[in-house]
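Participant: Sequence:
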Amino acid sequence: MMRKVVSVVLSVGLLMVVCHGCSDDDETNIFNEFFSKVRVIHASYDAPAVDVSLDGAVAIEDLAYGESSGYASVLSETYDIAVTPANAETPVVISLADFVFFPSEAITVFAVNELASIQPVIAVDSRFILSGKARVRFVHASPDAPAVDIRVGAGDGPQVFSDVSFTDVEDYIDVDPGAYVFVVTAAGETAAVVTFQEVTLEDETLYTVVALGTLDAGDAYDFTVRVFIDNDDGNQYVDLVPVNNE
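Counting from 1, one number per residue, gives the positions in the sequence shown under the numbering used here.
Worth flagging that the hints you see were computed from the coordinates, not collected in a lab.
There could be a bad hint or two in this list.
[Stated by the list, open to error] What follows is a set of in silico ranges between Cβ atoms, one per label pair, in the way DEER data are often shown: (1) Ala186 x Asp98: 35 to 45 Å; (2) Ala64 x Pro103: 44 to 54 Å; (3) Asp80 x Glu105: 39 to 49 Å; (4) Thr167 x Val241: 39 to 49 Å; (5) Val241 x Ala217: 13 to 23 Å; (6) Ala217 x Phe128: 35 to 45 Å; (7) Leu115 x Asp232: 28 to 38 Å; (8) Pro85 x Ala217: 26 to 36 Å.
Treat the numbers as computed from the prediction; the structure is a model and nothing was measured.
From the three backbone atoms N, C-alpha and C, an ideal C-beta is built for every residue, glycine too.
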């Protein structure tokens, strides 16, 4: 199914009528006919904090680079969306007319690339947990980084995700909970670009791993791998810590 993805960037996480105190099962029943679940992650490294409006009403305020708006419920309807610098009515850096929110769908909209070329990447999210498993996916949002493999243990270790290019969103995979050392290599190579300190993946937890920033040592936007937790409100995250660069 093809979506209008013109400039959704920081838009869709926004009409915020959150169902506090509901379980995922309760939310699923509510959302089936009338509501969508939406989240925005600001991954445009040189863009300012932004406000997002739907039909002229501000729905998210001051969303900064690297942050998640968290999941919210929005009526499954059609809206005009505008994105502006925080606390400013103009300029409108992104506008989208007649964007449709589909019922029973949970999505994340990633705003990626530099401000001059900002673009949306829309991903359909899982909200289902599996007993005895962690679920992990990977999003490549670093515009000057090549296609990469994500491996476990070492540069020549098993591939978790392979040949992932800028703007690609890899589907969730199911892994055993436990401690992992993740390694980034150029696609098809075994030399580590960066190796990260051991991180523990928890049982019944959903993770979205996002490559942020740039590889350009001359700018202020460090290459970062940020892990967003998709359970519950979807606004928690932790950064992987590099142990060496080769």
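Participant: Please go over all the hints and tell whether each is borne out by the structure.
Facilitator: Each hint tested on the structure:
Between Ala186 and Asp98 the CB atoms are about 41 Å apart, so this pair conforms to the stated range of 35 to 45 Å. Against the hinted window of 44 to 54 Å, the Cβ-Cβ separation of Ala64 and Pro103 comes to about 30 Å, which falls outside the hint. Taken as a hint, the range 39 to 49 Å is violated for the pair Asp80 and Glu105, whose Cβ atoms sit roughly 19 Å apart. Range check, Thr167 to Val241: about 25 Å between beta-carbon atoms, so the 39 to 49 Å window is missed.
The hinted window of 13 to 23 Å between Val241 and Ala217 holds, with their beta carbons roughly 19 Å apart. Remark: the range hint 35 to 45 Å for Ala217 to Phe128 is upheld by a beta-carbon distance near 41 Å. A hinted range of 28 to 38 Å for the beta carbons of Leu115 and Asp232 is consistent with their spacing of about 31 Å. In this structure the supplied range 26 to 36 Å holds for Pro85 paired with Ala217, their Cβ-Cβ distance being about 28 Å.
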